[in-house]
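J.: With the sequences and hints as input, model every part of the structure.
In order, the protein sequence lines correspond to chains A and B.
Using the working numbering, the letters of the first sequence correspond one by one to residues 510 to 673.
Using the working numbering, the letters of the second sequence correspond one by one to residues 13 to 376.
If you're looking for bench data, these hints aren't it; they were derived computationally from the structure.
Only a predicted model underlies this, so the values are computations on that prediction, with no experimental measurement involved.
Heads up, the beta-carbon is just placed ideally off N, CA and C, and yes, glycines get one too.
It is possible that part of the hints are untrue.
[Unchecked claim] Coverage of chain B stretches by chain A, computed from C-beta distances (three or more under 8 Å per stretch; other residues unrestricted): (1) 73-86; (2) 121-131.
[What the hints assert, rightly or not] In silico DSS-like cross-links for lysine-lysine, where the CA-CA straight-line distance does not exceed 30 Å: (3) Lys540/A - Lys212/B; (4) Lys544/A - Lys209/B; (5) Lys184/B - Lys212/B; (6) Lys647/A - Lys661/A; (7) Lys540/A - Lys209/B; (8) Lys536/A - Lys173/B; (9) Lys544/A - Lys267/B; (10) Lys564/A - Lys181/B; (11) Lys547/A - Lys203/B; (12) Lys294/B - Lys203/B; (13) Lys135/B - Lys540/A; (14) Lys576/A - Lys587/A; (15) Lys59/B - Lys536/A; (16) Lys587/A - Lys571/A; (17) Lys212/B - Lys181/B; (18) Lys212/B - Lys536/A; (19) Lys536/A - Lys209/B; (20) Lys540/A - Lys203/B; (21) Lys181/B - Lys540/A; (22) Lys564/A - Lys179/B; (23) Lys613/A - Lys632/A; (24) Lys547/A - Lys212/B; (25) Lys547/A - Lys135/B; (26) Lys184/B - Lys544/A; (27) Lys632/A - Lys647/A.
[Said to hold, decoys possible] Negatives, chain A to chain B, calculated, CB over 10 Å: (28) Asn516; (29) Thr599; (30) Ala607; (31) Thr617; (32) Leu628; (33) Val637.
These are the residues of each chain, in order.
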Amino acid sequence: MSLLTPNPGLIFWMLVVFLMVVFILAKFAWKPIIKGLKDRENEIQGALDLAERTKAEMIQLKSDNEKLIAEANAVRDKILRDAKEAADKTILESKDKAAVEAQKMIETARESIRNEQQLAVSKIRKEVATLSLEIAEKVLHRELKDKEAQEKLIADLASSAHLN
Amino acid sequence: MYTNLRLIITTALIAATCFFNVPARADQTIQHDSGKVVESINEQEHKIEHNLEESEKKFNIGEMIMHHIADSHEWEFTHGVTIPLPVILYSADRGIEVFSSANFHNEHHEYNGYHLVHGDSEKIVPVDESRVIYDFSITKNVASMLLSAVILILIFTSIGKWYANNKGKAPKGFQSAMEVIILFIRDDVVKPNVGPKYEKYLPYLLTLFFFILVNNILGLLPGSANLTGNIAVTMTLAVLTFIVVHLNANGHYYKHLVKPTGVPIPLLIIMIPVEIVGVFMKPFSLMVRLFANMTAGHIILLSLFGLIFIFQSIVIAPVISLFALFLNFIEIMVAFIQAFIFTLLSSMYIGSAIEEHHHADHGH
Numbered sequence: 510m511s512l513l514t515p516n517p518g519l520i521f522w523m524l525v526v527f528l529m530v531v532f533i534l535a536k537f538a539w540k541p542i543i544k545g546l547k548d549r550e551n552e553i554q555g556a557l558d559l560a561e562r563t564k565a566e567m568i569q570l571k572s573d574n575e576k577l578i579a580e581a582n583a584v585r586d587k588i589l590r591d592a593k594e595a596a597d598k599t600i601l602e603s604k605d606k607a608a609v610e611a612q613k614m615i616e617t618a619r620e621s622i623r624n625e626q627q628l629a630v631s632k633i634r635k636e637v638a639t640l641s642l643e644i645a646e647k648v649l650h651r652e653l654k655d656k657e658a659q660e661k662l663i664a665d666l667a668s669s670a671h672l673n
Numbered sequence: 013m014y015t016n017l018r019l020i021i022t023t024a025l026i027a028a029t030c031f032f033n034v035p036a037r038a039d040q041t042i043q044h045d046s047g048k049v050v051e052s053i054n055e056q057e058h059k060i061e062h063n064l065e066e067s068e069k070k071f072n073i074g075e076m077i078m079h080h081i082a083d084s085h086e087w088e089f090t091h092g093v094t095i096p097l098p099v100i101l102y103s104a105d106r107g108i109e110v111f112s113s114a115n116f117h118n119e120h121h122e123y124n125g126y127h128l129v130h131g132d133s134e135k136i137v138p139v140d141e142s143r144v145i146y147d148f149s150i151t152k153n154v155a156s157m158l159l160s161a162v163i164l165i166l167i168f169t170s171i172g173k174w175y176a177n178n179k180g181k182a183p184k185g186f187q188s189a190m191e192v193i194i195l196f197i198r199d200d201v202v203k204p205n206v207g208p209k210y211e212k213y214l215p216y217l218l219t220l221f222f223f224i225l226v227n228n229i230l231g232l233l234p235g236s237a238n239l240t241g242n243i244a245v246t247m248t249l250a251v252l253t254f255i256v257v258h259l260n261a262n263g264h265y266y267k268h269l270v271k272p273t274g275v276p277i278p279l280l281i282i283m284i285p286v287e288i289v290g291v292f293m294k295p296f297s298l299m300v301r302l303f304a305n306m307t308a309g310h311i312i313l314l315s316l317f318g319l320i321f322i323f324q325s326i327v328i329a330p331v332i333s334l335f336a337l338f339l340n341f342i343e344i345m346v347a348f349i350q351a352f353i354f355t356l357l358s359s360m361y362i363g364s365a366i367e368e369h370h371h372a373d374h375g376h
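T.: Structural data, given as structure tokens:
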């Protein structure tokens, strides 16, 4: 039965010693140990995070580079295309312009020809009228006695003049 | 060749039967004088009984076991090799008295008006029975406890220093071996059972684990004290856990004692006493579990060794030694398991007392 009766002296020493051990270990052992473990865990976690971040950055950089190259290529292509278009346009425009110019010149030429022609016709008409008057004068002078012959002559003159 | 062998064996057998038959015939002739024989047999029986009684007096296994698992005022490593320990007594009339327990080594076990009683366990009683004394002696258990405290403090302060001095370095050697156990207690015992506020209780629970573990293992050494198999020690540990639990318990824990959720009002008459008994049952079970496991282990081992002294046979000793070796390994395992269980249950009791309830379980 003595096995089951706690001895007060032992309880006293147990309390004193155990509490002392708890306080000493808490202050000088568990505090630095737990802190050390935590610091190390944080360090490892930090290193892992950093590696992960670096990896992500690398991927980002790589994709950025690719994007840059693609953009440069696109710009180059665009410039080339634009230049070609501009050249084509210039050629086309100058062709058009030349055609228009030519047309204009032809028109002007035609106009001047027509003017010249009209001028010539009116001159010829004047000339013909003068000539006919001269002829009439001559005829009047020579064949004024023969009335019938006169009328016939005038009619002939007039019709021939009209044909012109 | 085969026939030769048969011949030899047969001859040997015949010779043997002849040889053994001769004394049998001689016995028959003696039996005529029967009265004399009965007398001699009785005499022999008497002698055997006498011997048995004598040997029982010499070796009482129950006494031996009790002597080994109980506390003592001196540290006896083996018969005759003892270290006397200081006896500290307090009484109202004489104040504090300190003297060596070696002073009791006399015919009547008496010194300075005190008497050392050897019963189930040792006890110091005053010769004058009207006096009341309080015994605060450094007994074998207290000495062993102080030894374990020194071991614990030396080991863990040196490990603590390692952490302070080797920041950011990989764990190494003994420190890394201890780290495994510390991490196991922190991550698999304390953290999941206590909850998010576990760090406040970690120093106490770690000390609890290592104190029990070191004392369990020290107790297995030959000639050492049975500290964790002492009810005063386990009671103190259990009461400390009880105090830690109830100092930190939240309102919900106390409310739950008087009004368990989801219990109909008539049932409260039964439930409230059950809950209150449960509060005291937890530390009681902690106390008994550790005490009983360690004491039982010591009793089994001592019984086995006692068998050697009962049989007093050279044949049985190695067999029992092997068995005791096997049980010693089991006891080492039990030393770890009991330290683990005490810590685990303490964390669970703390965890259940500080647990935050979010009023989620009020539906049922």
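J.: Look at each hint and say if it fits the structure.
T.: Evaluation of the provided hints:
| no. | hint | verdict |
| --- | --- | --- |
| 1 | 73-86 | holds (count 4) |
| 2 | 121-131 | violated (count 1) |
| 3 | Lys540/A - Lys212/B | holds, 11 Å |
| 4 | Lys544/A - Lys209/B | holds, 16 Å |
| 5 | Lys184/B - Lys212/B | holds, 27 Å |
| 6 | Lys647/A - Lys661/A | holds, 15 Å |
| 7 | Lys540/A - Lys209/B | holds, 16 Å |
| 8 | Lys536/A - Lys173/B | holds, 11 Å |
| 9 | Lys544/A - Lys267/B | violated, 36 Å |
| 10 | Lys564/A - Lys181/B | holds, 25 Å |
| 11 | Lys547/A - Lys203/B | holds, 14 Å |
| 12 | Lys294/B - Lys203/B | holds, 20 Å |
| 13 | Lys135/B - Lys540/A | violated, 41 Å |
| 14 | Lys576/A - Lys587/A | holds, 16 Å |
| 15 | Lys59/B - Lys536/A | violated, 68 Å |
| 16 | Lys587/A - Lys571/A | holds, 24 Å |
| 17 | Lys212/B - Lys181/B | holds, 26 Å |
| 18 | Lys212/B - Lys536/A | holds, 13 Å |
| 19 | Lys536/A - Lys209/B | holds, 19 Å |
| 20 | Lys540/A - Lys203/B | holds, 16 Å |
| 21 | Lys181/B - Lys540/A | holds, 18 Å |
| 22 | Lys564/A - Lys179/B | holds, 27 Å |
| 23 | Lys613/A - Lys632/A | holds, 28 Å |
| 24 | Lys547/A - Lys212/B | holds, 15 Å |
| 25 | Lys547/A - Lys135/B | violated, 49 Å |
| 26 | Lys184/B - Lys544/A | holds, 17 Å |
| 27 | Lys632/A - Lys647/A | holds, 22 Å |
| 28 | Asn516 | violated, 5 Å |
| 29 | Thr599 | holds, 72 Å |
| 30 | Ala607 | holds, 84 Å |
| 31 | Thr617 | holds, 98 Å |
| 32 | Leu628 | holds, 113 Å |
| 33 | Val637 | holds, 127 Å |
The structure shown violates the earlier hints numbered 2, 9, 13, 15, 25 and 28.
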